[in-house]
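Following the hints, position chains L and C against chain A.
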Amino acid sequence: MIALLVRDLRLAMRAGGGFGLALAFFLIVVVLVPFALGPQPERLQDISTGVLWLGALLACLLSLDRIFALDYEDGSLEALATAPIPLEGVAAVKALAHWLTTGLPLTLAAPVLGLFLHLPAEGYLWLTLSLALGTPALSAIGAFGAALTVGLKRGGLLLSLIVLPLYVPTLIFGAEAARRGAEGFAVQTPLLLLAGLTAATLALLPFAAAAAIRINLR
Amino acid sequence: MTALLEAKGLTVERGGVPVLEGVSLTVEPGRVLVLRGPNGIGKTSLLRVLAGLAPPLAGEVDCPGGTAYAAHADGLKPTLTVAENLAFWADLHGQPVGDAPERMNLAGLIDRQAASLSAGQKRRLGLARLLVTGRALWLLDEPTVSLDTASVALFAGVITAHVEAGGAAVIATHIALGLEDRSEVLELGGYKARPATHAPGGFDEAFQ
Amino acid sequence: MSLWEYANPKKFMATSGAVLPWFAVAAGLATLGGMIWGFFATPPDYKQGATVKIIFIHVPSAMMAINIWAMMLVASLIWVVRRHHVSALAAKAAAPVGLAMTLIALFTGATWGQPMWGTWWEWDPRLTSFLILFLFYLGYMALWAAIDSPDTAADLTAVLCLVGSVFAVLSRYAVNFWNQGLHQGASLSLDKEENVSDVYAYPLWLCMAGFFLLFVVLLLMRTRTEIRLRRIKALEARARMTDA
Numbered sequence: 015m016i017a018l019l020v021r022d023l024r025l026a027m028r029a030g031g032g033f034g035l036a037l038a039f040f041l042i043v044v045v046l047v048p049f050a051l052g053p054q055p056e057r058l059q060d061i062s063t064g065v066l067w068l069g070a071l072l073a074c075l076l077s078l079d080r081i082f083a084l085d086y087e088d089g090s091l092e093a094l095a096t097a098p099i100p101l102e103g104v105a106a107v108k109a110l111a112h113w114l115t116t117g118l119p120l121t122l123a124a125p126v127l128g129l130f131l132h133l134p135a136e137g138y139l140w141l142t143l144s145l146a147l148g149t150p151a152l153s154a155i156g157a158f159g160a161a162l163t164v165g166l167k168r169g170g171l172l173l174s175l176i177v178l179p180l181y182v183p184t185l186i187f188g189a190e191a192a193r194r195g196a197e198g199f200a201v202q203t204p205l206l207l208l209a210g211l212t213a214a215t216l217a218l219l220p221f222a223a224a225a226a227i228r229i230n231l232r
Numbered sequence: 192m193t194a195l196l197e198a199k200g201l202t203v204e205r206g207g208v209p210v211l212e213g214v215s216l217t218v219e220p221g222r223v224l225v226l227r228g229p230n231g232i233g234k235t236s237l238l239r240v241l242a243g244l245a246p247p248l249a250g251e252v253d254c255p256g257g258t259a260y261a262a263h264a265d266g267l268k269p270t271l272t273v274a275e276n277l278a279f280w281a282d283l284h285g286q287p288v289g290d291a292p293e294r295m296n297l298a299g300l301i302d303r304q305a306a307s308l309s310a311g312q313k314r315r316l317g318l319a320r321l322l323v324t325g326r327a328l329w330l331l332d333e334p335t336v337s338l339d340t341a342s343v344a345l346f347a348g349v350i351t352a353h354v355e356a357g358g359a360a361v362i363a364t365h366i367a368l369g370l371e372d373r374s375e376v377l378e379l380g381g382y383k384a385r386p387a388t389h390a391p392g393g394f395d396e397a398f399q
Numbered sequence: 046m047s048l049w050e051y052a053n054p055k056k057f058m059a060t061s062g063a064v065l066p067w068f069a070v071a072a073g074l075a076t077l078g079g080m081i082w083g084f085f086a087t088p089p090d091y092k093q094g095a096t097v098k099i100i101f102i103h104v105p106s107a108m109m110a111i112n113i114w115a116m117m118l119v120a121s122l123i124w125v126v127r128r129h130h131v132s133a134l135a136a137k138a139a140a141p142v143g144l145a146m147t148l149i150a151l152f153t154g155a156t157w158g159q160p161m162w163g164t165w166w167e168w169d170p171r172l173t174s175f176l177i178l179f180l181f182y183l184g185y186m187a188l189w190a191a192i193d194s195p196d197t198a199a200d201l202t203a204v205l206c207l208v209g210s211v212f213a214v215l216s217r218y219a220v221n222f223w224n225q226g227l228h229q230g231a232s233l234s235l236d237k238e239e240n241v242s243d244v245y246a247y248p249l250w251l252c253m254a255g256f257f258l259l260f261v262v263l264l265l266m267r268t269r270t271e272i273r274l275r276r277i278k279a280l281e282a283r284a285r286m287t288d289a
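Chains as they are written, first to last, in the numbering used here: chain A, 15 to 232; chain L, 192 to 399; chain C, 46 to 289.
Derived by calculation from the structure, the hints in this document are not laboratory data.
Computed from a predicted model, the values in this text were never measured in an experiment.
Positions of the beta carbon are idealized from the N, C-alpha and C atoms, including for glycine.
There's no promise every hint is true.
[Unchecked claim] Listed next, the in silico DSSO-like pairs over lysine-lysine satisfying Cα-Cα at most 30 Å (straight line):
#1 C:Lys278 to L:Lys199
#2 C:Lys92 to L:Lys383
#3 C:Lys278 to C:Lys92
#4 L:Lys383 to C:Lys278
#5 C:Lys55 to A:Lys167
#6 A:Lys167 to L:Lys313
#7 C:Lys278 to C:Lys55
#8 L:Lys199 to L:Lys383
[What the hints assert, rightly or not] Below, a sample of chain C positions facing chain L; criterion: calculated Cβ distance under 10 Å:
#9 Lys98
#10 Arg171
#11 Arg267
#12 Ala279
#13 Ala282
[What the hints assert, rightly or not] The following label-pair restraints were derived from C-beta to C-beta distances:
#14 A:Leu72 to C:Asn224: 20 to 28 Å
#15 L:Thr217 to C:Trp67: 55 to 63 Å
#16 L:Glu197 to C:Ile277: 36 to 44 Å
#17 A:Leu68 to L:Asp253: 46 to 54 Å
Extracted from the complex, chain A is given alone in its bound form:
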């Protein structure tokens, strides 16, 4: 299991674009927002947490199809399926590797990008915390979507269509926690709901993802 995690991280490093692409996309989205909505600080401040959450979510979506596709094409997935580790564990480790290479950098970049949007000072902590709690769920749900579409030649768009509706609860609780934090309201309720949602997602979706991989390998 640890060997798989190390290998996936190493592959992400060697592939070069792994970390950088999602971060660059995140940056571009945040930079484009003032062009679309105008530079008034009050307006940007109002929507800052929402834009940062949405930008992180979309950036996360970009690299989902690579979670299983390369391993499927080069036969690694078949070899993993016959190896003495459960496929559920493979799915969980793959989601973890995706989070470490995508969700975590996005979480760390979000406060920096918050400067561009005049994120209120009280918001930094809650934005970062809500992203740290929510992005693992995005990776786990994304890994499930990637497992469903791994056998398809052009699964990218379909993957987005399937995964985005599944992201709704995470986005609502995460963005709500960040917004309430930035506006100085109590954040306990959405933050706890977000944490519960992430915990349930991490516990259950690797099973669904493994089932989908088994079906796709037949």
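Structure of chains L and C alone, referenced to chain A:
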């Protein structure tokens, strides 16, 4: 001596259509089973069922020790070195890498990225992956594709050493490996599924 | 004689073919009767005027939009557990009907909301939930359409339906948490005082029965088409094997 693989009355499908039926086979330690038959007969489908990747339509597979399965794609990462590729699969199976690189004549390439290997060298690396799994039963689908004569001989030598050490292999191949004294040949032509065999779900009878 | 015999395509085709005309007649009578009763034989509401009559399409379609997803979930579970192909095909056949019902509910809701709330769209929890349900139907159908092998498609869509159902319920609660809404409460329930009055309730019940029967008819027809398509594939495969 207990069999490494025992399959009874297998019906094998491809794309929802039965291709082989009534296949029974036993593989003992120290033996090689060669699958023969024309293209499209279902060799790959049968190997995938034996590997546990696909369920049979009928029959059962008993394979207590697990298998090491190698198909046309060999599970190698081009950006990792030969050593890293092998170390990963060895680690995953809880085995040492041991002398696998030497046995597949890869010792001089150990620090090269897999992307820089030739097709034949990659194939040898793919076969070295089987060595580091520590599994007794190998399932090989056309393992000698893109190997030159010397590499085929090397491969045959590795198979011989593997079965002499108590291992076994099921190999789908057209070429002679020179292992006649320890191998059986299974001609799959005799197991071709009859058209009348039930299609899954009984859709062909739905209107009769 | 057990219920599961109808999961055999042959038995299903025979039985569904026999009952289909009767269901079609009943669906036509109930839907048309309910709508004529509702549109022409009920008084305008004292507050909402004639626009209240949208209820006779809006409520039945909204009810079916949710219930069809529930039916797909049950059919997917039967496929996963018992491997009855007809069950998987019924789930596939139901999805476009559910999608249409969701669209009808959204559209009639918008035309009702405009005069009542002064807006075509409001991010009300109920409206938002239906929009999300619409996306779930789209994703489910797109996955069916994208996969060539019928059994693989049946398995993967069943997994998506199970996971999607859980997330649909989660989304419903998340959306409630996110925004309290304008939408009135349930129009029909057995213990509420704010129910619609009987003069609307009876034709509404009839319309709901009509929409349900309409769904059964469409489901049977579409499932029969799917079975025919599978039979064509099976016969083609057999012909290829005989030629080979």
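Now the hints, each set against the structure:
no.	hint	verdict
1	C:Lys278 to L:Lys199	29 Å, holds
2	C:Lys92 to L:Lys383	75 Å, violated
3	C:Lys278 to C:Lys92	57 Å, violated
4	L:Lys383 to C:Lys278	20 Å, holds
5	C:Lys55 to A:Lys167	35 Å, violated
6	A:Lys167 to L:Lys313	25 Å, holds
7	C:Lys278 to C:Lys55	16 Å, holds
8	L:Lys199 to L:Lys383	16 Å, holds
9	Lys98	44 Å, violated
10	Arg171	39 Å, violated
11	Arg267	15 Å, violated
12	Ala279	4 Å, holds
13	Ala282	4 Å, holds
14	A:Leu72 to C:Asn224: 20 to 28 Å	22 Å, holds
15	L:Thr217 to C:Trp67: 55 to 63 Å	57 Å, holds
16	L:Glu197 to C:Ile277: 36 to 44 Å	38 Å, holds
17	A:Leu68 to L:Asp253: 46 to 54 Å	53 Å, holds
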